[in-house]
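Visitor: So the protein lines, in turn, are chains A and B.
Here our numbering runs 57 ahead of the position in the first sequence, where the first position is 1.
Here our numbering runs 479 ahead of the position in the second sequence, where the first position is 1.
Calculated directly from the structure, the hints in this document are not laboratory data.
Glycine included, every Cβ here is placed at the ideal spot set by N, Cα and C.
Fair warning: there could be bad hints in the mix.
[Said to hold, decoys possible] Some but not every residue of chain A turned toward chain B, in silico, with C-beta under 7 Å: (1) Ser60; (2) His64; (3) Leu101; (4) Leu105; (5) Phe147; (6) Gly161; (7) Gly163.
[What the hints assert, rightly or not] List of simulated lysine to any residue pairs, SDA-like, C-alpha gap at most 25 Å: (8) B:Lys557 with B:Glu547; (9) A:Lys165 with B:Ala567; (10) A:Lys106 with B:Glu547; (11) B:Lys550 with B:Ile491; (12) A:Lys128 with A:Gly86; (13) A:Lys118 with B:Leu575; (14) A:Lys106 with B:Gln516; (15) A:Lys115 with B:Gly521; (16) B:Lys541 with B:Gly507; (17) B:Lys523 with A:Glu72.
[Unchecked claim] Distance ranges between label pairs, derived from CB positions: (18) B:Asn531 with A:Gly85: 32 to 38 Å; (19) B:Leu575 with A:Gly98: 24 to 30 Å; (20) A:Ser109 with B:Arg591: 35 to 41 Å; (21) A:Ser109 with B:Gly576: 27 to 33 Å; (22) B:Gln559 with A:Lys115: 23 to 29 Å; (23) A:Glu121 with B:Gln559: 43 to 49 Å; (24) B:Val552 with A:Pro170: 29 to 35 Å; (25) A:Tyr96 with B:Gln520: 39 to 45 Å.
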Amino acid sequence: AQSVSQHNHHVILSEAASLELGCNYSYGGTVNLFWYVQYPGQHLQLLLKYFSGDPLVKGIKGFEAEFIKSKFSFNLRKPSVQWSDTAEYFCAVNADSNYQLIWGAGTKLFIKP
Amino acid sequence: EAGVAQSPRYKIIEKRQSVAFWCNPISGHATLYWYQQILGQGPKLLIQFQNNGVVDDSQLPKDRFSAERLKGVDSTLKIQPAKLEDSAVYLCASTLGTASWDNEQFFGPGTRLTVL
């Protein structure tokens, strides 16, 4: 069965630190990859997505993610985090363009002001 | 543009009771999803509608869960009877187009269910 792993359940960083959140999936075929974010008290919303082409994808608020097919990974990065990036981040994968998204368990990010 | 609406926001019931959740998607969105998110886990798809038809309900525990979207707009999800393990946040999401992976899903605020 397909699965998505987010290795860090909680991450605490200081403002201006660099961020990398890991996401690995278990599926050998064609995948479409997403990062969603949930800010405190708000709804889940799309941060960025990868379908094809350039494996380095840029999203909103300065986030980017890199698809490395050989490593089955789609890690989320930001060079310099802000206090407002405190949120829970979810990686999701769609395999072979079927209907479902398979979600990771999420990473809670806390930025110390 | 109004977002996805859900009610109630919170519900506490005892096991074996029944409960219903309501979702109104963004106007014009053809596809509607119900997810269950247990604490510490990511969302798990329960059922997916395209207009008023079911696209995927393979993970819906049909012995106790039911959902409908009769007029292809709003939807209700029911649990009857509830079990302790049903305690979770129930999320509704919608997409503009047909049931396709490449459409961005817009989520509602969720209903937090506690079963005692």
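Visitor: For the pair supplied as a hint, B:Lys541 and B:Gly507, is the alpha-carbon distance within the 25 Å limit?
Guide: violated (28 Å)
Visitor: If I claimed the Cβ atoms of A:Ser109 and B:Arg591 lie 35 to 41 Å apart, would that claim hold in this structure?
Guide: holds (37 Å)
Visitor: Does B:Gln516 lie within 25 Å of A:Lys106 when you go C-alpha to C-alpha?
Guide: holds (21 Å)
Visitor: Are the Cα positions of A:Lys128 and A:Gly86 separated by 25 Å at most?
Guide: holds (13 Å)
Visitor: Does the structure keep B:Lys550 and B:Ile491 at a Cα separation of 25 Å or less?
Guide: Violated, at about 29 Å.
Visitor: Is the gap between the beta carbons of A:Tyr96 and B:Gln520 within 39 to 45 Å?
Guide: violated (19 Å)
Visitor: Under 7 Å is the threshold here; is the Cβ of A:Leu105 close enough to any Cβ of chain B for the hint to stand?
Guide: Violated: closest Cβ of chain B sits about 11 Å from A:Leu105, beyond 7 Å.
Visitor: How about A:Gly161: closest beta carbon in chain B under 7 Å, or not?
Guide: holds (5 Å)
Visitor: Does B:Glu547 sit within 25 Å of A:Lys106, going by the straight-line distance between their CA atoms?
Guide: The given pair, whose Cα atoms are some 30 Å apart, is violated under the 25 Å limit.
Visitor: Taking the Cβ atom of B:Gln559 and the Cβ atom of A:Lys115, is their distance within the range 23 to 29 Å?
Guide: Violated, since B:Gln559 and A:Lys115 (Cβ atoms, about 46 Å apart) do not stay within the stated range.
Visitor: Taking only the CA atoms, is the gap from A:Lys165 to B:Ala567 under or equal to 25 Å?
Guide: holds (18 Å)
Visitor: Grab the minimum C-beta distance from A:Ser60 to chain B and call the hint holds if it beats 7 Å, violated otherwise.
Guide: violated (10 Å)
In summary, the numbered hints that this structure violates are 1, 2, 4, 10, 11, 16, 17, 21, 22, 24 and 25.
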